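Note that the protein sequences, when read in sequence, are chains B and E. So for the first sequence, my numbering puts the first residue at 1; every next one is plus one. So for the second sequence, my numbering puts the first residue at 1001; every next one is plus one.
It should be emphasised that the hints constitute simulated quantities derived from the structure, not laboratory data. Please read these numbers as outputs of a predicted model, since none were measured by experiment. Each hint should be verified, as a subset may be incorrect.
Cβ-to-Cβ under 8 Å is the rule here; a few derived chain E residues that face chain B [as the list claims (entries may be wrong)]:
#1 Phe-1040
#2 Glu-1048
#3 Ile-1064
#4 Gly-1066
#5 Val-1145
#6 Gln-1216
#7 Ser-1219
#8 Gly-1306
Stretch by stretch, here's where chain B covers chain E in the computed footprint (C-beta under 8 Å, at least three residues) [as the list claims (entries may be wrong)]:
#9 1164 to 1172
#10 1227 to 1234
Note that the Cβ used here is the ideal one computed from N, Cα and C, for glycine as well.
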Amino acid sequence: MDDTRHAPDLKVMIARHKLADRAFAVLGVLATLVGLVTLAALIVDLAVDGLPRLSWHFFTSFPSRFAEKAGILSAWVGTALVMLVTLFAAVPLGVAAAVYLEEYAPKNWVTDLIEINVTNLAGVPSIVYGLLALGLFVYALNLGESILTAGLTLALLALPVVIVATREAVRAVPGSIREAAYALGATKWQTVSQNVLPYSLAGIMTGVIISMARAIGETAPLITIGALTFIAFLPPAPLSTQPPFLSFEWLTSPFTVMPIQMFNWVSRPQAEFHLNAAGAGLVLLAMTLLMNALAIYIRYRYRKRIKW
Amino acid sequence: MYAKQFLNVAGALAVLTMAWGAAPVWAVETIKVDGSSTVFPITEAVAEEFQKEMKGKVQVTVGISGTGGGFKKFCRGETDISNASRPILAKEMEACKKAGFDGTSVISGPRISPKGVEYIELPVAFDALTVVVNPKNDWIKEFKVEELKKMWEPGAQGKVMKWSDVNPAWPNEKLALFGPGADSGTFDYFTDAINGKEKASRGDYTASEDDNTLVQGVSSDKFAIGYFGLAYYVENKDKLKAAPIVAKDATKAVEPSLETVMAGTYQPLARPIFIYVNAKSMEKPEVKEFVNFYLKNAPKLVKEVGYVPLGQEHYDLALKNFNGKKLGTGFGGKNEVGIRVEELLQREGKL
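Pulled out of the complex, with its shape left as it was, chain E reads as follows (with noise of 0.2 Å):
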C-alpha cells in the first residue's frame, strides 16, 4: 500500500513529463552552437527563425559558456559552431589543431580532422561599449581615451579618487565607478582598448556580471561613471547620459549610435563579434544552410535584437569566405583594436 503511494507520486512527475505525449519521432537533425554570452542574443534570433524556416527538420542549440569556454569546447569538437566575442587567442588555436592527437595515434572524430579542428572566422555584428553618467552630470560633454585610461589603469586604483583627481575643473566628489567583472569579454576589450593591455584595469570598482545592476548603479548616483554594451544603455536612455568619446589621435568626439558605430568612426570602444565554423561541420548540409541563413538575415536580426549590424557589403564578403571555404583566423592569435571589417575579411587566414 505504501508502495503503492510512492508510485503515485512519481506517475504524477511522469504524468506532467507526457504533455506532450504522442509526438512523431522522427530523425532530426542537430547543430551544436556554444559561447559568448554577447553573441547569444544574436544566434537565439537567427536558430529561431531557421528552425521555423526548416518545420522541425533541424534543430539547434544554443549555450552559453562564454567565449573560452565555447572555444575550449570548439577546439575538442564536442560544437559545430562557437560564438565569440573576440578573436581566437594563440594558445586556443594551438587546442584546435591538437585535436584528436592523444599522443601516439590520431583519432579523427565527427568533427575532427587529421589536422585537428579546423575553422572559418566569421564576423557577424559589431558590439559597442558605452561610457555612461549619470543624466544629473552637467559637467561631462565628452571623454578623452587619455581620461578614460586616468580614471581606470591600474595605478590609479586607491589614488584617483575624485572627479578633481582626472581633471582640476571637475567637481571634488567622490569618483563611483562602475565596471563588468574581470570573466567578461567587454571588461576585456575595455581594458584592452583604454588602458592598453588586456585585462589591466584597477581593481577597486563596484564590478558585476549583471550589466542590469551596472545601469541601476550609474542611474543612482550623480557621481557614477560606468562602462557597458551599447545595448544596455539603449534600453535605459532615460536613466542615464552616454558619454561621446574623443578617440586617441582625433579632435571631435563621437556619440555612440548605430550610425557612428556603423561608419566605423565611434573608436575604441567598437568592436566586431564573430561565429567560428568548424569546417568539418560544414559537410553537414544543415550546418553550411544555417551559416548561411545566418549570414543572409543578419542584417535585419542584429538590428532586432539591439546590435549593430555590419554593412551588407561586409556580409557579402563573409558569405563568400564561408561558401569558398577561407580557413583561419585574421588575427593571428591576439586581440586588436580599431580593426576594419573589410581588411580583416581579406587578410590571409591562420590556423
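One chain only, chain B, in its complex shape (with noise of 0.2 Å):
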C-alpha cells in the first residue's frame, strides 16, 4: 500500500535531485569560465598591442622618449638581479625556519604564537613590507635604494610563503620515516638532513618559486622603498674576466623593474608607449607563467622519485 502511494513521490524526488545536480554543474562550469575567459581576454588584448613590439631590439634598448626606440633592458636585468638577492634571502631563512618550526621547536605558547605571526604575515599588504623595508634597511641599516634593499624587501614577502610551504611538505613526510632514521641511531640533524629534507624537497620548491612568482610582480613595496623610473646603465656585472672573477658591486646599484616600468610607460599620453607596456607586460607574464610551469615540473618529477 505505501510503496504505490510513495512511489511517484520518490520519482519526482530523485528527478528534482538530479535537476539541482545538473543546475549545480553549470553553475560550475560557469564559475570557472568567468576567471578563464577573464584571464584569456586579458591575455589576447596584451598580445594583440605589445607582440608586435617584442623583438630583440626590445630586450636590448634601454627606456627612450621615443616609443619605438625603447627597451626594457633595464628592466628585466634589474628584475632578475632582484629576483636572485631575493631567492638567496629568503630560501635559507625560509627553509630553516620551516624546518626548527616543525621539527625542533618544542609545542609550548611561545611556538604557537610564532606560528600564528608566520601564518599572519602572508596575508599583510605587499606596501606594509615597503614601508618596514624603508625604514629598516634604507635609513637604518643605510642600504640605500640599491638592488640589495629591493631583494631583501621582497624576501620579506615571501619569506612567510617559503616558511609555510615547506611546513607542509616537511609535515608531509611520514613519521615512520623519521622512526626508521632514529632506530638505525641517527641523530636529528642527520634524520632531517638525508631523510626529511631529500623527501620534501619538491614541496619546498614548489613554494618557492610560487613565492617568486608573488614577489616579481611586485610594485608598491619597490616604489615605496625609492625604485628609480627612468635607468639608461645597467649595474656593474657580477663576473668579470679578471680575477676576482666575482664582484658585488652590482648589489648597492640603483635599479628598475618590470612592473615600475610598465607603469610608467601606461600613464604616458602616447599611445605608442601604451604599446610598450603591453609588450613588458608580455614579457612580465611569460616569466610568471615560466616559474610557475618550472614549479610544476619539478613536483612531477620528485614525486615520482618518491615510494614510500
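Dock chain one against chain two, each of which comes alone in its own frame, and use the hints as you go.
Printed below as a string of C-alpha cells:
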C-alpha cells in the first residue's frame, strides 16, 4: 500500500535532486569560465597590443623618449638581479625557520605565537613591507635605494610563503621515515638533512617558486623604497674576466624593475608607449608562467621518484 | 643530488644576469634626480641625450617620487636635482635649511653645506591644464573661470549635479565630472587657479591618478567634463574637445595651444614647472654640465615630449642664474597663479 503511494513521490524527488545536480554543474562551469575567459581576454588583449613590439631590440635597449626606440633592458636585468637576491635571502631563512618550527621547536605557547604570526604575515599587504623596508634597510641599516634593499624587501614578502610551504612539505613526510632513521641511530640533524629534507624537496621548491612568482610582479614596496624609473645603464656585472672574477658591486647599484617600467609607460599620454607597456606586460607574464611551469615540472619529477 | 638540482635553478638565474658578462668596469659618476612625474618625461629626455653625449662616462637616474616626495629626499641631501611641478613650499624650505643639523652638531655631507641644503630654482617648461568635453557636446563654446568654479568648488558637492545648475541655458542633464586624484600636482594647481584655494575641490567626481582613464571617461560620455595636462589632450584630439578659457577679468576666450601658452595668454591654467639644483652638487663638474645641457637643449626636447617650452630669453636668463649661482626660490614658499617667467627669474631668491 505504502509503496504505491510513495512511488510517484520518490520519482519526483529523484528528478528534483538530479535537476539540482545538473544546475550545480552548470553553475560550476560558469564560475570556472568567468575566471578563464577574463584571463584569456586579458592575455589576448595584451598580445594583440604587445606582440608586434617584442623584438631583439626591445630586450636590448634602454628606455627612451621615443616609444619605438625604447626597450626593457634595464628593467629585466633589474628584475633578474633583484629576484636573485630575494632567492638567496628568502630560501635559507625560510627553510631553516620552517624546519625549526616543524622538527625542533618545543610545543608550547611561544611556538604557537610564532606560528600564528608567520601565518598572518603571509596576508600582510605588500605596501606595509615596503614601509618596513624603507625604515629598516634604507635608513637604519643605510643600504640605500639599491638592488640589495629591493631584494631583501621582496625576501620579506616571500618569507612567510616559503615557511608555510616548507612546513606543509615537511609535515607530509610520514613519521615512520623519521622513526626508522632514529632506530638506526641517526641524530635529529642526520634525520632531517638526509631523510626529511630530501623527501620534502619537491614541496619546498614548489613553494619557493610560487613565492618568487608573486614577488616578481610587486611594484608598491619597491616604489616605497625608491626604485627609479629612468635608468639607462646596467649595474656592474657580477662576473668579470679579471680576478677575483666575482664582484658584488651590483648589489649597491640603483635599479628599476619590469612592473615599474610598465607603470611608467601606461601613464604616458602617447599611445605608442601603451604598446610598449603591453609588450613589457607580456614578458612579465611569460616570466611568471615560466616560473610556475617550472614549479609544476619539479613537483612532478620529484614526486615520481619518491616511494614509501 | 637534490642540492645540485637546486643549484641548477639558482645557476640558471645567475646565467640570465650575465648577459652583459664581461663589460668593462670603470669609475662612473652618477647624477641623481627624483621628484614630480609631470616633469619626468622632460628630464628623462635630457638624461637620455646627455648620457649619449657623455658616452657612458656619466650616469643619470630619474625617479618619480612626486614633487613632495622628491623635495623630502632633496632636502635630506640624497639627490642632486629635484623635479617639481610647483614651487618649493615654506615647510620644505625649512626642511632644506635644517638638513645636516641633528640637534647637537652639524653633519655636512656630499650635498649638505653648513647652511643646510641650498638650491637654485630653474623653470624648464610650461605645463598647461586643459578643460575637455565630449566631441558631441554642442553647447560649450568656451568656459568662464567663474563657471568652472561653480562646477568644481567644494560647495558644489551634492548641489551642482546637472549642466543646467551651472547655466540655465545648458541641458538639463547629469553633469559627469572627471579629474585627477588629490595627490597630483595637477589637482593642486587647478584647485588653486579655479577655486582660489589649493586642494579645495568637490569630492564627488570620478578621480583617477591615471590621466588616460580620464581621457576614456570623457570620450565615452556626452555629458562629461574633465581636466588634465595638455599633452593628454593633444594625443587624443580625435576623441575630445578642448574648451577655450575666459580668464577672470578678460572678455575673450583663449584656446589651449602651444602658441597661446608660450605667449602667456592662456591663463590661468598654464604654469611653469621646475627643476631645483642642489648648490653643493654644482661643485661636481658633471652636474654643472648636465644642467647647462638641460637648459640649452630644452627648447627642442620639451617639444618632443609634448610639453610647451619657455621662450629662448627665459632659458638664457635661467642659464645666467644657474651659472651665477643665484640661490633660493622666487616664490617665497607659496604657489602663485599667473606668474610671468621673466619676472620670476629676476626676483630676489629666498632660501
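A quick look at each hint next to the structure:
Hint status for E/Phe-1040 relative to chain B: holds, with the closest Cβ pair at about 7 Å, below 8 Å. For E/Glu-1048, the suggested interface contact is upheld, since its CB lies about 6 Å from the closest CB of chain B, less than 8 Å. Satisfaction of the interface hint for E/Ile-1064 is found here, the shortest Cβ-Cβ separation to chain B being roughly 5 Å, below the 8 Å cut-off. Annotation: E/Gly-1066 was flagged as interfacial toward chain B, and the flag is violated, the nearest CB pair being 10 Å apart, outside 8 Å.
For the restraint placing E/Val-1145 at the interface with chain B, the shortest Cβ-Cβ distance is roughly 25 Å, beyond the 8 Å limit, so the hint is violated. For E/Gln-1216, the suggested interface contact is broken, since its CB lies about 12 Å from the closest CB of chain B, more than 8 Å. Evaluation of the E/Ser-1219 hint against chain B yields a violated restraint, the C-beta minimum of about 13 Å exceeding 8 Å. The interface hint given for E/Gly-1306 is met, as the beta carbon of that residue sits about 6 Å from the closest beta carbon of chain B, less than 8 Å.
Only when three residues or more bring their CB closer than 8 Å to a CB of chain B does the claim for the segment 1164 to 1172 of chain E stand; here the count is 0, and the claim is violated. Closer than 8 Å: that is the beta-carbon criterion, and the segment 1227 to 1234 of chain E has 4 residues meeting it against chain B, so the requirement of 3 holds.
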